[in-house]
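Here the protein sequences come in this chain order: A and B.
This note's numbering numbers the first residue of the first sequence as 11 and each following residue consecutively.
This note's numbering numbers the first residue of the second sequence as 72 and each following residue consecutively.
Just so you know, the hints here were simulated from the structure itself, not pulled from any lab data.
There's no promise every hint is true.
Unchecked claim - These stretches of chain A come out as covered by chain B in the derived footprint (C-beta under 8 Å, 3 or more residues):
| # | stretch |
| --- | --- |
| 1 | 45-51 |
| 2 | 55-65 |
| 3 | 72-85 |
| 4 | 96-103 |
Glycine included, every Cβ here is placed at the ideal spot set by N, Cα and C.
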Amino acid sequence: MERSRDVVPLMKAHFQLFVLGRTARTALVEQQLRRAVRHLRGPVQIDVIDLTERPDLAEEHDIVATPMVMRLHPSPQVRVVGDLSDPRALATAFDLDGADDSEGDAP
Amino acid sequence: MTLTQIKRMPTGCPGLDHVLAGGLPEGRSTLVSGTAGSGKTVLALQFLHDGLRDYEQPGVFITFEERPEQLRANAASLGFDIAKLEEQGKWLFVDASYSPDRDEQQVGPFDFGALLLRLRHAVEQVGATRVALDSIGAVFTRYQDANVVRRELMRVTELLRERCHRGGDQRAGRGVRPDRPPRCRGVRLRQRDRAAQRTGGGDPPPHHRGAEDARRGPPDR
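Bound-form chain A, shown alone:
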């Protein structure tokens, strides 16, 4: 897991995805997120955090619902909960240019 905080200000985008356990379902959520951000110019950092391994982070960030994605950069911080299965809603929530619904040919 990359957590080099010094790099963050230079990042184009930094997301943290909080999941509960590593399952096929959580892998799919990660895939949805990666697909949604692939048109962003510049580097994108995505940390996938399994809360069963880091329950302290659930407490620290007051997380109730999972899966949850937090956009740390660019600010403002934005939180999205859900399985990210709607690419258009996801793009709107994170204001992702170019990541429109044409990319969302998920089954």
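Position chain B relative to chain A; hints supplied.
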């Protein structure tokens, strides 16, 4: 089952314990419902506080509404030193309160897995036998899908019930849940009739409680 066969947990409020034949049913979830300002949060705070003071029963308070610091301050005005109990490792807050900087947009289905994880940890950490969830109404206001909230709150009750049936002194799951959960058994406190008791009467009709709560606006403290 008759009243006398159900073990009771005193709430710490003598008049209430009297009409409840000793207190809230042990090992069960109890719903406390009432209008804004009727004292649901205060009852929950007292239930946990007096459980510790009189019976050395640790508690966990999950708050969906007020921040823990507000609750500590409110409790202090009633003479409850919650900060001290926290220091002693007998009381834990699980902060699930809403704040604008933690606003969440919803994209697709989700569950309360993280909340359950935090609740389980908190209950284990202090060895809680009393749990309060304040309030159900606030959860319905925060998450639009009433069905999801209803299902996830069932998981919370289920988790507490499991822990409760594990036996020994570590039993948990006796709780006060201010406001209206979707399905429940137990006591409903109303302002007018003060206390109405339902025992073993099954679940209330499954109509859309959540929507009602949302329309009613923010419940009281």
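Results for each hint:
Closer than 8 Å: that is the beta-carbon criterion, and the stretch 45-51 of chain A has 0 residues meeting it against chain B, so the requirement of 3 is violated. By the rule of at least three residues with a Cβ nearer than 8 Å to a Cβ of chain B, the coverage given for the stretch 55-65 of chain A holds, with 3 such residues. For a cut-off of 8 Å, the count of residues in the stretch 72-85 of chain A with a CB near a CB of chain B stands at 7, and the three-residue condition holds. With 4 residues bearing a CB less than 8 Å from a CB of chain B, the stretch 96-103 of chain A meets the requirement of three and the coverage assertion stands.
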